[in-house]
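Protein chains: 2
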Amino acid sequence: MDYYSSHISKLIEEFSRLPGIGSKSAARLAFHIINMSGEQVAALTGAITSAKENVRYCRECYTLTDEELCPICRSAKRDHKTIMVVENTRDLAAYEKTGQYDGVYHVLHGAISPMLGIGPNDIKLKELIERLKGDIDEVIVSTNSSLEGETTAVYISKLIRPMGIKVTRIASGVPVGGDLEYIDSVTLLKALEGRVLMK
Amino acid sequence: MDYYSSHISKLIEEFSRLPGIGSKSAARLAFHIINMSGEQVAALTGAITSAKENVRYCRECYTLTDEELCPICRSAKRDHKTIMVVENTRDLAAYEKTGQYDGVYHVLHGAISPMLGIGPNDIKLKELIERLKGDIDEVIVSTNSSLEGETTAVYISKLIRPMGIKVTRIASGVPVGGDLEYIDSVTLLKALEGRVLMK
Numbered sequence: 001m002d003y004y005s006s007h008i009s010k011l012i013e014e015f016s017r018l019p020g021i022g023s024k025s026a027a028r029l030a031f032h033i034i035n036m037s038g039e040q041v042a043a044l045t046g047a048i049t050s051a052k053e054n055v056r057y058c059r060e061c062y063t064l065t066d067e068e069l070c071p072i073c074r075s076a077k078r079d080h081k082t083i084m085v086v087e088n089t090r091d092l093a094a095y096e097k098t099g100q101y102d103g104v105y106h107v108l109h110g111a112i113s114p115m116l117g118i119g120p121n122d123i124k125l126k127e128l129i130e131r132l133k134g135d136i137d138e139v140i141v142s143t144n145s146s147l148e149g150e151t152t153a154v155y156i157s158k159l160i161r162p163m164g165i166k167v168t169r170i171a172s173g174v175p176v177g178g179d180l181e182y183i184d185s186v187t188l189l190k191a192l193e194g195r196v197l198m199k
Numbered sequence: 001m002d003y004y005s006s007h008i009s010k011l012i013e014e015f016s017r018l019p020g021i022g023s024k025s026a027a028r029l030a031f032h033i034i035n036m037s038g039e040q041v042a043a044l045t046g047a048i049t050s051a052k053e054n055v056r057y058c059r060e061c062y063t064l065t066d067e068e069l070c071p072i073c074r075s076a077k078r079d080h081k082t083i084m085v086v087e088n089t090r091d092l093a094a095y096e097k098t099g100q101y102d103g104v105y106h107v108l109h110g111a112i113s114p115m116l117g118i119g120p121n122d123i124k125l126k127e128l129i130e131r132l133k134g135d136i137d138e139v140i141v142s143t144n145s146s147l148e149g150e151t152t153a154v155y156i157s158k159l160i161r162p163m164g165i166k167v168t169r170i171a172s173g174v175p176v177g178g179d180l181e182y183i184d185s186v187t188l189l190k191a192l193e194g195r196v197l198m199k
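Residue numbers (the numbering used here), protein chains in the order written: chain D, 1 to 199; chain U, 1 to 199.
Treat the hints with caution; some may be incorrect.
Stated by the list, open to error - Reference listing, derived: stretches of chain D covered by chain U, where coverage requires no fewer than 3 residues with Cβ under 8 Å from a Cβ of chain U:
#, stretch
1, 6-14
2, 45-57
3, 61-68
4, 118-131
5, 145-156
If you're looking for bench data, these hints aren't it; they were derived computationally from the structure. Note that beta-carbon positions come from the ideal geometry of N, C-alpha and C, so glycine has one too.
Using the sequences and the hints, build the whole thing.
Below is the structure:
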């Protein structure tokens, strides 16, 4: 790409390495950077560097946080006897946005995937078992409804049930507002299986 | 967003300011940054900073380049009497990728848009007129086929034709491989108007 300046080519290359950014978006971003003010560019690079340097795992739930204990684990308003297990911090944030869940979380940072060679020891599972030695009422498994998420859910359930702790799994079914005709048949069958009595 | 670390929230905010990046992509990028190695993060921020600091306009054609004169303006193999006028460096790169154009370019860095308050003095138009004082055979106007691009093309043509220089406009029509049934009627009419005799 010698029709671009070498600095721009390098920047496009760096941007293309990020997830979900193809070569066209990378070029668009690179040219946007050139047109930004010096302060804006400094704010962006500063935010990248300080996020990388200062973010760590919460000692309790392993979400990404600035402090030793995340605000959720620190909060006295949360029910510390109910743990929701999620694959990553974005999934935690999705449930926090609902504003209706008042338990705590456990972030696995991945899911078991024999295909990708990710086993139970590659995710924060030992750390979950360690937490269950405390006084816990329920573990809600909220891994994704994918092959890896389901595998992880089954694995966790088999591991935890013998400990006498209640293990639940979030429901699979038709998304609210979803149009049946556009929904895949596996989801439709799951929704049928999981049907509930109308009140 | 207090369920994210403040450093992550800040980074998500910075990423969301970039063009084409919504809040979900920004979060995805931010978490990707946290998982990147320190060297990879340094390479990214370094590329951003050095592109911002080192890239400037070519003295001749105003494309973004590392040196005073861009490789195209410096090249003796190019036809310096034919100037293609484009809106930005990405459009220049698109024509360079064809490998079939051997003239030089002039990058306007925008298009006339009364709607956005961008007038002829806000783009590199005076600089184009200045270049035309030299020995120029043809100006090929390759601004976009949008309202702004067409406005700019008409404006340039009215400005340059009195100087006795040939001004041409790239053809509008059906893209190669395009399926007529999916093409808008304005394009179909343009293609009809611009029809050429078959040999």
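**Study point:** Proximity test - 8 Å, beta-carbon atoms, the stretch 118-131 of chain D to chain U, at least three hits
**Key:** violated (count 0)
Review point. At a Cβ distance under 8 Å, does chain U reach at least three residues of the stretch 145-156 of chain D?
Key: Per the Cβ count (0), the hint is violated.
Check your understanding: For the stretch 45-57 of chain D, do at least 3 residues have a Cβ located nearer than 8 Å to some Cβ of chain U?
Key -> Coverage by chain U holds for the stretch 45-57 of chain D (9 residues, Cβ < 8 Å).
**Study point:** Per-stretch coverage check for the stretch 6-14 of chain D, three Cβ contacts closer than 8 Å to chain U
**Key:** holds (count 7)
**Study point:** Given coverage of the stretch 61-68 of chain D by chain U, checked by CB-CB distance under 8 Å (3 or more)
**Key:** holds (count 3)
Going through the hint list in order, the structure does not satisfy hints 4, 5.
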